[in-house]
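**Q** In case you want the letters, here they are:
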Amino acid sequence: MLVRTYQYMLRLTSWSPVLRLMRYSFLTLGRAALRGHRDWQPAWRDAEPRPSYDIVVVGGGGHGLATAYYLAKKHGLRNVAVLEKGWIGSGNAGRNTTIIRSNYLLPGNEPFYEWSMKLWEGLEQELNYNAMVSQRGVLNVFHSDAQRDAFARRGNAMRLAGADAELIDTDAVRRILPFADFDNARFPIKGGLLQRRGGTARHDAVVWGYARGASDLGVDIVQNCEVTGFLREGDRVIAVETTRGTIHAGKVGLAVAGSSSRVAKLLGLRLPIESHLIQAFVSEAVKPLIPCVVTFGAGHFYISQSDKGGLVFGGDIDGYNSYAQRGNLPVVEDVCEGGMALMPIIGRVRILRNWAGLLDMSMDGSPIIDRTPLDGLYLNSGWCYGGFKATPASGWCFAHLLARDEHHEVASDYRLDRFETGHLIDEKGQGAQPNLH
Amino acid sequence: MRIRCPYCGERDLSEYIYHGDMAARPDPAAPDAQRRFYEAVYLRDNPAGPHEELWYHANGCRGWLRVRRDTRTHEILDTAFAGS
Ligand SMILES: Cc1cc2nc3c(=O)[nH]c(=O)nc-3n(C[C@H](O)[C@H](O)[C@H](O)COP(=O)(O)OP(=O)(O)OC[C@H]3O[C@@H](n4cnc5c(N)ncnc54)[C@H](O)[C@@H]3O)c2cc1C
Ligand SMILES: [Zn+2]
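Chains as they are written, first to last, in full-length UniProt numbering: chain A, 1 to 437; chain B, 1 to 84.
Source of the hints: derived by calculation from the structure; they are not laboratory data.
The hints are all genuine.
Chain A regions said to be covered by chain B (calculated; three or more residues, Cβ under 8 Å): (1) 265-277; (2) 317-324; (3) 429-437.
If we take Cβ atoms under 8 Å as the criterion, some of the chain B residues that face chain A in the derived model are: (4) Leu13; (5) Ser14; (6) Gly20; (7) Tyr38; (8) Leu43; (9) Asp45; (10) Asn46; (11) Ala48; (12) His51; (13) Thr73.
For every residue, glycine included, the Cβ atom is placed at its ideal position computed from N, Cα and C.
Model the full assembly from the supplied sequences, consistent with the hints where possible.
**A** Now the structure itself:
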């Protein structure tokens with residue numbers, strides 16, 4: 001997938017730098033088809049860095065690009081650059097398993113994720129880009145009475161925040177997943193919590209859609225531009241040093257996900273973040289089998305089926321600090337065992353590919369969208385293994401903070417100092433141990 | 001990944017439990033103990049490179065190990081009992 005993305009990017013970057021955005025519609029599609037698809041324009045400008053911007057966003061993943069888009073679109077700030085060390089979408093944005101949902105429990109989280117879900121629902125119209133948002137539903141199955149109670153509580157919390165949630169019984173789960181192992185001796189299926197509005201979206205398309213939207217509004221998207229240092233005036237950050245020269249900035253927003261600690265270290269900052277890895281798997285294509293996103297409640301396993309037919313699945317993080325972007329066998333085994341316990345029907349499907357990404361695990365499992373101790377420097381981090389679904393709201397709220405210097409109301413608990421003040425947002429109540437979140 | 005336990009020899013990752021950064025427990029009697037505990041519990045160097053960390057040999061000798069491991073490659077650079 002990455003190699004293909006890269007080739008595609010190379011193709012895009014060989015076009016002329018001056019572009020006029022082509023709106024996509026049935027008409028343009030039809031016209032392009034009649035002309036043999038020769039006239040497609042690149043979707044966004046691969047910009048050269050300029051010496052200075054009002055706002056520099058570091059990191060061209062989904063969050064950085066969405067931030068730049070909303071800065072331009074909602075706040076009218078167009079003198080903005082996104083600096084990406086590789087190619088856009090080469091990090092977790094292009095590696096995740098594409099699940100979107102808003103099924104959190106805590107008041108610090110749920111309104112934020114529900115806002116993200118609402119933005120997903122209008123994203124394609126907003127961006128005029130097919131992000132393949134598919135609200136096929138997210139079903140969390142449970143296996144005991146105690147777990148039913150916990151899921152009922154979570155469902156109620158979701159509904160209080162305006163999200164949808166249904167607690168369904170075994171028969172209803174059976175109608176959705178007739179092939180699941182309902183009478184498993186250890187983990188019988190007792191029902192599920194269903195969020196019908198949840199589902200999946202095409203991760204690369206989200207990256208390209210935001211890039212296209214931002215670029216069209218004047219944002220410079222600069223690739224192969226790694227931030228290697230910062231220039232300061234006292235306690236104020238005034239510029240970034242990059243592999244493509246020094247770039248001055250009124251404000252700098254960091255959205256580098258798993259690389260947060262490395263970048264913060266350039267300024268002598270230590271963050272409440274550990275970098276971990278999570279693996280994902282995709283199988284050969286099979287006929288339509290799994291109608292929604294399904295998660296196992298008794299172990300770490302979740303699965304959905306892509307439109308091409310591949311089963312996309314994963315499980316727990318490997319559990320040790322890592323920047324390697326590849327995992328080890330014990331978790332592969334664990335994921336496959338979870339899958340077999342839930343739906344033995346997939347046992348003979350062959351795995352085609354397996355990969356891993358570099359996660360920014362925060363110490364309470366929840367994100368950070370905040371100022372930092374340095375003036376002019378803002379932080380967006382701590383997305384753990386669940387930041388893809390957050391992409392629209394993260395961009396929305398980070399742009400709000402950067403533009404207005406105040407927290408957006410749905411992200412107002414995502415403070416960097418909450419670890420010091422004790423206002424943790426620990427969904428699982430696991431304490432300061434990232435590999436348990 | 002295989003980790004060499006000083007007692008049991010080189011054993012598979014699945015025998016071990018990870019307990020994170022080898023940060024030392026601060027002195028609870030220090031005047032700024034609160035700040036030091038906050039830093040020890042929540043802040044991390046999180047290096048890309050050699051990392052000093054604690055592993056528990058749960059399915060082996062049940063010893064606590066101090067492991068030096070490169071987080072970029074998973075190469076185990078050194079192991080010893082945590083107390084030593
Ligand atoms: C295998 C896997 C499965 C996942 N599944 C899901 C899921 O199903 N649902 C969900 O909601 N979330 C999921 N996630 C999490 C989600 O992908 C991430 O939380 C989210 O993508 C992080 O935000 P981002 O897109 O901005 O990060 P990234 O795409 O990682 O963006 C960060 C960017 O910063 C760049 N960068 C780093 N250092 C520098 C520097 N010094 N200078 C310039 N640029 C730099 C990187 O190259 C990178 O492109 C998954 C993650 C993985 C790895
Ligand atoms: Zn041992």
